[in-house]
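Chemist: Work the whole structure out from these sequences, hints included.
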Amino acid sequence: MRVEYVVLVLLMGLATYLTRVSFLSFSKNVTMPAVVYRSLKYIPVSILATLIFPNILAPQGKLNIATTNPYIWAGFITVMTFLLSKNQVMSIIVGIASLVLLRTLL
Amino acid sequence: MIGVVPFGLAYGIVASQTGLSLAETTLMSLVVFAGAAQFMAVSMLQSGVSTLFIVLSTLMINLRHLLMGLSLSPYLKKQKSIWHYLLAFGMVDESYATTISHYQSSESDQGNPYFMLGSAAGLYVFWAASSVAGGLLGHSIKDPLSWGLDFAMPATFLSILIPQIKSKRILTVAVAAGVAAVAAYLLIPGKWYIIIATLGATALGTLMEIAGEGRRSD
Chain A
12 MRVEYVVLVL
22 LMGLATYLTR
32 VSFLSFSKNV
42 TMPAVVYRSL
52 KYIPVSILAT
62 LIFPNILAPQ
72 GKLNIATTNP
82 YIWAGFITVM
92 TFLLSKNQVM
102 SIIVGIASLV
112 LLRTLL
Chain B
2 MIGVVPFGLA
12 YGIVASQTGL
22 SLAETTLMSL
32 VVFAGAAQFM
42 AVSMLQSGVS
52 TLFIVLSTLM
62 INLRHLLMGL
72 SLSPYLKKQK
82 SIWHYLLAFG
92 MVDESYATTI
102 SHYQSSESDQ
112 GNPYFMLGSA
122 AGLYVFWAAS
132 SVAGGLLGHS
142 IKDPLSWGLD
152 FAMPATFLSI
162 LIPQIKSKRI
172 LTVAVAAGVA
182 AVAAYLLIPG
192 KWYIIIATLG
202 ATALGTLMEI
212 AGEGRRSD
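Protein chains in written order, with the working numbering: chain A, 12 to 117; chain B, 2 to 219.
Derived by calculation from the structure, the hints in this document are not laboratory data.
Heads up, a few of these hints could be off.
With a straight-line cut-off of 25 Å between C-alpha atoms, the simulated BS3-like cross-links for lysine-lysine are [as the list claims (entries may be wrong)]:
no.: 1; chain 1: A; residue 1: K52; chain 2: B; residue 2: K192
no.: 2; chain 1: A; residue 1: K52; chain 2: A; residue 2: K73
no.: 3; chain 1: B; residue 1: K79; chain 2: A; residue 2: K52
no.: 4; chain 1: A; residue 1: K97; chain 2: B; residue 2: K167
no.: 5; chain 1: A; residue 1: K52; chain 2: B; residue 2: K169
no.: 6; chain 1: A; residue 1: K39; chain 2: B; residue 2: K79
no.: 7; chain 1: A; residue 1: K97; chain 2: A; residue 2: K52
no.: 8; chain 1: B; residue 1: K81; chain 2: A; residue 2: K52
no.: 9; chain 1: B; residue 1: K78; chain 2: A; residue 2: K39
no.: 10; chain 1: B; residue 1: K167; chain 2: A; residue 2: K52
Modeler: Right, dumping it as structure tokens:
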């Protein structure tokens with residue numbers, strides 16, 4: 012294995028770890044203002060939505076909100092499957108299967 | 002767990018196609034354990050980008066971890082620091098999403114660190130194993146993300162997001178974050194859209210909450 016590559020991987024690992032560890036101990040060491048504390052509960056849904064929406068509405072890096080975009084329908088089917096079955100694994104599998112199917116149809 | 006397998010496979014395939022050995026491909030998954038950063042790194046390696054620039058890009062692509070850590074920190078503040086150092090390594094998108102929704106839905110204001118440890122450890126094993134498998138498949142597969150597996154991650158996150166939407170305000174925040182993310186994703190290069198949309202939507206939710214209280218007390 013090339014030395015430069017190992018150095019690169021270690022530095023990447025360090026950079027990644029620093030972003031992960033730096034704020035995880037935050038509440039232990041710092042008392043946050045009340046307004047920050049109450050805002051924290053909105054972070055998870057916001058992050059999840061930012062990770063989901065571009066993949067569905069702009070799948071290849073370009074905005075595609077046409078009815079022929081299979082990701083929009085597959086997203087809808089995933090949500091409906093979850094709401095009806097309350098089963099996470101089932102909704103993921105049905106979602107992926109529907110995308111594969113829709114891709115051949117649309 | 003299943004959400005990371007396609008990405009691990011895809012990463013391994015792409016890495017082997019850019020000329021990394023199986024050991025090199027696996028090493029990155031074991032040390033870095035961050036899908037988006039690894040994808041970016043192998044494509045940058047292929048186009049001959051310098052080490053410094055790849056590391057800086059890794060830092061930027063991973064800035065969302067700051068917000069994840071911040072939002073998890075109140076649930077872990079009574080744990081010893083060693084837990085923070087250990088759990089930080091395994092705080093990837095999926096373990097974060099699973100863990101925070103578990104902590105938020107539990108009665109206690111403190112989270113069980115073993116829950117996050119288990120989630121992260123499971124993902125780590127799947128990530129490493131699927132990277133190896135992808136590296137082995139290597140050249141025999143052309144376009145790994147085109148068989149619907151690119152939907153595995155959005156589908157996984159959708160199934161974690163939906164049960165968290167328990168009020169109109171949370172729904173508004175999620176939709177605002179999503180729309181802002183798409184706009185920022187199209188307009189701003191890099192991964193800044195995640196940070197920008199998350200901060201904006203979080204601020205919106207907090208303001209709505211404060212405004213709602215103001216109305217009630219009038």
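Chemist: Hinted pair, alpha-carbon criterion (25 Å max): B/K79, A/K52. Please report holds or violated.
Modeler: holds (18 Å)
Chemist: Can you confirm whether the C-alpha distance between B/K78 and A/K39 stays at or below 25 Å?
Modeler: holds (4 Å)
Chemist: Are A/K97 and B/K167 close enough, with their CA atoms no more than 25 Å apart?
Modeler: holds (14 Å)
Chemist: When you check the alpha-carbon spacing of A/K97 and A/K52, does it fall within 25 Å?
Modeler: Holds, because 23 Å separates the two Cα atoms, which is no more than 25 Å.
Chemist: Below or equal to 25 Å on CA atoms is what counts here, so check A/K52 against A/K73.
Modeler: At roughly 31 Å apart (the allowed maximum being 25 Å), A/K73 and A/K52 break the hint.
Chemist: For the pair we were handed, A/K52 and B/K169, check the Cα-Cα distance against 25 Å.
Modeler: The given pair, whose Cα atoms are some 14 Å apart, holds under the 25 Å limit.
Chemist: Tell me if the straight-line CA distance from B/K81 to A/K52 falls inside 25 Å.
Modeler: Holds, because 23 Å separates the two Cα atoms, which is no more than 25 Å.
Chemist: If you draw a straight line from the CA of A/K39 to the CA of B/K79, is it 25 Å or shorter?
Modeler: Cα-Cα ~7 Å, so holds.
Chemist: Are the Cα positions of B/K167 and A/K52 separated by 25 Å at most?
Modeler: Distance ~12 Å between B/K167 and A/K52 Cα, so the pair holds.
Chemist: Sort out whether B/K192 lies within 25 Å of A/K52, counting only the CA atoms.
Modeler: Roughly 22 Å between the alpha carbons, so the hint for A/K52 and B/K192 holds.
Violated hint: 2 only; the structure is consistent with all others.
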